[in-house]
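Line order of the protein sequences matches chains V and Z.
Residues 360 to 471 (my numbering) make up the first sequence, in order.
Residues 80 to 192 (my numbering) make up the second sequence, in order.
No lab work stands behind these hints, which were simulated from the structure alone.
Yeah, the Cβ is synthetic: ideal placement off N, Cα and C, and Gly gets one too.
A portion of the hints provided could be inaccurate.
[What the hints assert, rightly or not] A few chain V residues that don't get close to chain Z, going by computed Cβ distances all over 12 Å: (1) ASN381; (2) ILE393; (3) GLY400; (4) ASP414; (5) ARG420.
[To be verified] Below, a list of computed lysine to any residue pairs in the SDA-like style, where the Cα atoms sit at most 25 Å apart: (6) V:LYS401 <-> Z:GLN104; (7) V:LYS401 <-> Z:LYS132; (8) Z:LYS90 <-> V:GLU398; (9) Z:LYS136 <-> V:SER387; (10) Z:LYS132 <-> Z:SER162; (11) V:LYS401 <-> V:GLN435; (12) Z:LYS136 <-> V:ARG420; (13) V:LYS401 <-> Z:VAL98; (14) V:LYS415 <-> V:TYR391.
[Stated by the list, open to error] So the derived list for chain Z, only partly shown, Cβ under 7 Å to chain V, looks like this: (15) GLY121; (16) LEU122; (17) TYR129; (18) GLY130; (19) GLY142; (20) TYR143; (21) GLU180; (22) PHE183; (23) PRO185.
Listed below are the residues making up each chain.
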Amino acid sequence: GESVGLHLPTLSVQEGDNSIINCAYSNSASDYFIWYKQESGKGPQFIIDIRSNMDKRQGQRVTVLLNKTVKHLSLQIAATQPGDSAVYFCAENGGSARQLTFGSGTQLTVLP
Amino acid sequence: DAGITQSPRHKVTETGTPVTLRCHQTENHRYMYWYRQDPGHGLRLIHYSYGVKDTDKGEVSDGYSVSRSKTEDFLLTLESATSSQTSVYFCAIRESQRGGEQFFGPGTRLTVL
């Protein structure tokens, strides 16, 4: 069935380094993707999105890359800070235009 | 922050009792969603609404019902709560059908004893 998954469940990086969080999706019909950040005890918070007619989009300290050929999505965080420690989810708008399908999440830990 | 509130924020109840969770938005968004979040499962869609009185089932709808009698409120009801429904429940809203982020509420932690 359709699924969105993450390559690594946990990621630890040194403060100041760049972080890369990966996501694989299986629905080739997906045309919209979102990255969310979820801090402990809070709801998911939008980070950045990208449509399938793009392969890269940049925000403030974050970049999302989309490779439709291999159905892969990544989130790059530049100069990772302690406040970036959280669980990161990718989501796709695929099979049903009304719904998003979420991956299981990656826990990012920023080390001092 | 998007104008979404959830009530209650925490609830402990006993097996077999009915429970209703409320999601309220002030954004006038058409689409509203209920998810549950459990360790190892991420966010799973329970039900969603695409307009007043228009709802549809999600991935894990068994044991849940919803109602939307006005744009701003989306209610999730557990008719007879079970321990397997212990979870954190998130409401989300979305302005348009294609594209556009979902904004999430703060969540409700439900414990069924």
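Results of checking the hints against the structure:
No Cβ of chain Z comes within 12 Å of the Cβ of ASN381 of chain V; the nearest lies about 15 Å off, and the non-interface call holds. Non-interface status of ILE393 of chain V relative to chain Z is broken: a Cβ of that chain comes within 12 Å, the nearest being about 6 Å off. The Cβ of GLY400 of chain V does not lie farther than 12 Å from every Cβ of chain Z; its closest approach is about 8 Å, which violates its non-interface assignment. Distance check on ASP414 of chain V: its Cβ is at least 17 Å (rounded) from any Cβ of chain Z, clearing the 12 Å threshold; non-interface status holds.
No Cβ of chain Z comes within 12 Å of the Cβ of ARG420 of chain V; the nearest lies about 18 Å off, and the non-interface call holds. In summary, the hint linking LYS401 of chain V to GLN104 of chain Z is supported, as the alpha carbons are separated by about 17 Å, within the 25 Å threshold. Using a Cα cut-off of 25 Å, the hinted pair LYS401 of chain V and LYS132 of chain Z is violated, with the two alpha carbons roughly 29 Å apart. Straight-line distance between C-alpha atoms of LYS90 of chain Z and GLU398 of chain V comes to about 21 Å, which keeps the hinted pair within the 25 Å bound.
Only pairs whose Cα atoms come within 25 Å are accepted, and LYS136 of chain Z paired with SER387 of chain V is accepted, the gap being roughly 23 Å. Simply put, LYS132 of chain Z and SER162 of chain Z have alpha-carbon atoms about 29 Å apart, too far for the 25 Å limit, and the pair is violated. With a CA separation close to 22 Å, the supplied pair LYS401 of chain V and GLN435 of chain V stays within the 25 Å bound. Proximity of LYS136 of chain Z to ARG420 of chain V is assessed by CA-CA distance (about 37 Å); at most 25 Å being required, the pair is judged violated.
Annotation: proposed proximity of LYS401 of chain V to VAL98 of chain Z holds, straight-line Cα distance about 22 Å (limit 25 Å). For the suggested pair LYS415 of chain V and TYR391 of chain V, the alpha carbons sit about 13 Å apart, so the restraint of at most 25 Å is met. At its closest, the beta carbon of GLY121 of chain Z sits 4 Å from a beta carbon of chain V; the interface hint therefore holds under the 7 Å criterion. Interface restraint check for LEU122 of chain Z: the shortest CB-CB distance to chain V comes to about 4 Å, inside 7 Å, so the restraint holds.
Taking 7 Å as the C-beta contact cut-off toward chain V, the hint placing TYR129 of chain Z at the interface holds, the least distance being around 6 Å. The criterion of a C-beta within 7 Å of any C-beta in chain V is not met by GLY130 of chain Z, whose closest approach is roughly 11 Å, and the hint is violated. Interface hint status for GLY142 of chain Z: violated, as the beta-carbon distance to the closest one in chain V is roughly 19 Å, over 7 Å. At about 16 Å, the closest approach between the beta carbon of TYR143 of chain Z and any beta carbon in chain V exceeds 7 Å, and the interface hint on this residue is violated.
Of the supplied interface hints, the one on GLU180 of chain Z holds, with its beta-carbon coming within about 4 Å of a beta-carbon of chain V, less than 7 Å. Given the 7 Å rule on beta carbons, the hint for PHE183 of chain Z holds: about 4 Å separates it from the nearest Cβ of chain V. Taking 7 Å as the C-beta contact cut-off toward chain V, the hint placing PRO185 of chain Z at the interface holds, the least distance being around 5 Å.
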